[in-house]
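Undergrad: Okay, here's what each chain looks like letter by letter:
There are 2 protein chains.
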Amino acid sequence: MSAPAEIATVVQDSAAEARSRRSGGREARRALRAAPLADDVRPVRPGLEGGRYKPLVQNDLERIHEAVLTLLETVGFANAIPSCADVCVKAGAILGADGRLRFPRGLIEATIRKAARNFTLHGQDPRHDMLIQGTRVHYGTAGAAVHLVDVEKREYRESQLQDIYDAARLVDGLDNIHFFQRPMVPRDVPDPLAMDFNTLYACVMGTSKHVGTSFTVRENVAPALEMLYAIAGGEERFRARPFVSNSNCFVVPPMKFAEDACGVLEACVEGGIPILLLSAGQAGATAPAAIAGAVVQAVAEVLVGLVYVNALKPGHPAIFGTWPFVSDLRTGAMSGGSAEQALLTAACAQMAQFYDLPGGSAAGMADSKLPDIQSGFEKGITDVMAGLSGLNLVYESAGMHASLLGFCLESLIIDNDMLGYCQRCVRGIEVTDAALSIDTITEVCLNGPGHYLGNEQTLRLMQTEYFYPAVGDRFSPKEWNEKGKPDILARAIAEKKRVLAERFPRHVPKLLDDRLRATFGDLIKLPRSGMGL
Amino acid sequence: MSAPAEIATVVQDSAAEARSRRSGGREARRALRAAPLADDVRPVRPGLEGGRYKPLVQNDLERIHEAVLTLLETVGFANAIPSCADVCVKAGAILGADGRLRFPRGLIEATIRKAARNFTLHGQDPRHDMLIQGTRVHYGTAGAAVHLVDVEKREYRESQLQDIYDAARLVDGLDNIHFFQRPMVPRDVPDPLAMDFNTLYACVMGTSKHVGTSFTVRENVAPALEMLYAIAGGEERFRARPFVSNSNCFVVPPMKFAEDACGVLEACVEGGIPILLLSAGQAGATAPAAIAGAVVQAVAEVLVGLVYVNALKPGHPAIFGTWPFVSDLRTGAMSGGSAEQALLTAACAQMAQFYDLPGGSAAGMADSKLPDIQSGFEKGITDVMAGLSGLNLVYESAGMHASLLGFCLESLIIDNDMLGYCQRCVRGIEVTDAALSIDTITEVCLNGPGHYLGNEQTLRLMQTEYFYPAVGDRFSPKEWNEKGKPDILARAIAEKKRVLAERFPRHVPKLLDDRLRATFGDLIKLPRSGMGL
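In the order they appear, the protein sequences are chains S and G.
Under my numbering, the first residue of the first sequence is numbered 130, with each subsequent residue one higher.
Under my numbering, the first residue of the second sequence is numbered 130, with each subsequent residue one higher.
Some hints here could point you the wrong way.
Same chains, same label: a pair holds when it works inside one copy or across any pair of copies.
[To be verified] Computed cross-link-like contacts, SDA-like style, restricted to lysine to any residue with a CA-CA straight-line distance of at most 20 angstroms:
id, residue 1, residue 2
1, LYS282, LEU618
2, LYS282, ALA623
3, LYS607, ARG283
4, LYS385, ASN576
Honestly, the hints are just simulated from the structure, not real lab data.
These numbers were taken from a predicted model, which means no experiment stands behind them.
So that you can see chain S by itself, here it is in the shape it has in the complex:
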């Protein structure tokens, strides 16, 4: 017997023996193993507290804040739409002769003080509610990929509405992905209204987790609200527990308002939808190449959004969405998997904490086209650093490739494992008298068997302190060989097919869906057959 196999046998025998002593036999043991762990003793869970990694020191944060205030007072924003200029000027902004809207530091500081914080982003199912606070970390999807990555054919094809629904229902069952922002654009639904409406429909029908989406123009918000209110069981119910947020690119970096998105923002604030204030400059192209400068610009831009939202409706929930991206300066192409991206995102998490605002930023965007070793390390490095920095909402964390141009369903399944690792790292190390193990070590060395296999502490921590991958492989080379050299991609493909054949979430009852289809008629493009109906 090989040494690992021998150890395994001893562990299992010891475990069996110890459990048997405690619980009286095989049936009890089986029950113990089969019973799912309660949420509060699972090794990982949504909302673990990060923040042990701090790329910036306090003085850095203060200097960034000062630079931001200076820029907002002196440079400000171009291209405000009239309604935006109006509310901002009423709040204290100054519209210059050059058409730029400038923001005195008092206005910025007052806005930060009064802005919504410590709020919940709801799921349709309250089990998926996320309290956005402090350094609590949640991972989710996002993006506007135009391709679906076909792993079996090794090719990129246009993404479709059904892909969005399929991604949603996969995420619905993946424990380590906590929210679902629409990751792809439905290329088969070109009309902007139909695209916006069906994207949202596919998301909220596919998962009961919190959903993020965007809208092309202001006018497209109303029918979406009508649908959301219907699903919630009424407008007031939706306003009490909004389970959709609006990913809103209100800024065209550097420092200009995006006119259509501002219209959308106003309609969403009015309709009771939380806003992700998203500034997505690209360092070296639309933001400074210096990492600190890219952070300064992103913070300045998002704070303008915060003034805008709070001028429209004081205390409306808004996420501090500093998402500076990186250019590969050799080509100008975006590099989402780069080390510089990991640093930018972690720095943004710290700025959100500096203001005690709910922070969202992006990580996990691989440059690699396929789920390969490069995408693995790009995702692993950026996602774990985002979590360790205590970022509240890690967008783009799963499924994404080609620097946001391709989304991959198999990667969702594999990344769910990876995000389990990230969350276990975020959870960190418990230092208690019991964990320090003086008694355990003493007993094992002086009176015990000279090893910890089957030790009471080992058995106790096995399920609560150790994270195990679902598709990841931990076989020895011998076992791996005997089992036909299992391939993680093949496993993920099989798991995807299994889930997509079986899992048709029914949190929105069929009767209600019938009503939506009656109300919206041809506007709904997702066929019932694709929804298992």
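Assemble chain G onto chain S, guided by the hints.
TA: Only chain G this time, still in chain S's reference frame:
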């Protein structure tokens, strides 16, 4: 033209134009691009300072230290060989009636105060010297894998002496791998003396970077020293700049001396070889399952080694080699790629810093059998966290698979890219007035082109602040498709073949090698043909 392509053209044109203004034309531009960057302006380099990630707070560190002192006073170590017991007792340890050697806290504290710190691990080429100090980070290989991973055949075969030499010469040319500890065992050289001698020979002939190796028994050290002194140009020269350290498993966890390794340790200290004091307990098997407890035991064990080394020769260079590993508690098998491993390693880095001792620990050990997405995220997460924690010497960081059972030459090449990313993350974010970019942002927004492409700052930072992968792929999906969907593994295979066909390091001149072969005769097993001679 696609948006990225358009941006790329603008970047390149702007870059060309700006450079042209500064330097007077194409030739100057070409020279600028072709000239290698001086070491101090490269985006990454050996010895960058980490430490921005701290899984433990100060109180945790102090509690771990107290637990360690308690265990060393009360439990101590079993199985001291007579020479070890003698020197330790002379230093102040107490040999109990139960045969265990116990260490009063005063002895431990005095040893920590007096131990060697801030020393250099030398390369044969001084360019590769590593100053081990503070939170300076270096990445390298290590291990005793018994298999070489054949990526092309997707199989594990027995590792051979030539593989070690090949790994050494690959590492010799990979900038982001800073030292070479022998990663494999030559299964084709079964005799222990020949195995130890040839392993070392293959390493020191293959690379002029610092080498780590181990010895089976005390007697095998003398011929190795004879060879090393000859290569150095004399004993005194080697002692002045020892370019080999001894990876020494002096402890069989929990808390027992390894008798043969102690003999080796004594011979190496006497011969002038720095010692890596390596405690490799496995949490849940030979160390407590509680992460804090595994750290406590590892620190206690290594401090005993430090007492031993300093009792033999005060101030002899020794590395604080706390290497606690992780068991997958479902099977008892080691899980080197786990999240728990990342936490253990980062915690050990902090304990070394707590004592201001040169710390070495392990990261980058994938559970996955092949260079795939799983190995990517396992390596990425564990290696970046080791660096961010400021670990001085990150062993096992490149090339390793199957939790130390398989070593892969193609992974060395890919991991060199990944370690570049890790080092860029370790380097962190520069916050200076220039980097904060107030003037740059103001100029671009108010008077400039409204973007940063071709901006003076962008061009200046392009080479010095941004890390670019060598084999990693950052093409757009369109380019990727046009280029035949390049595969990172295929690229790494081609690069490995190219390097192994061309790169035969000659830092040990052929004349000297002739002399070694004359002196040691049949003991040298690596054929000259395999060394390009």
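Undergrad: Work down the list of hints and note, for each, if the structure agrees.
TA: Do the hints match the structure? See the list:
{"no.": "1", "hint": "LYS282 x LEU618", "verdict": "both (12 angstroms within a copy, 18 angstroms between copies)"}
{"no.": "2", "hint": "LYS282 x ALA623", "verdict": "within (15 angstroms within a copy, 24 angstroms between copies)"}
{"no.": "3", "hint": "LYS607 x ARG283", "verdict": "between (29 angstroms within a copy, 13 angstroms between copies)"}
{"no.": "4", "hint": "LYS385 x ASN576", "verdict": "between (72 angstroms within a copy, 14 angstroms between copies)"}
Checked against the numbered hints above, the structure breaks none of them.
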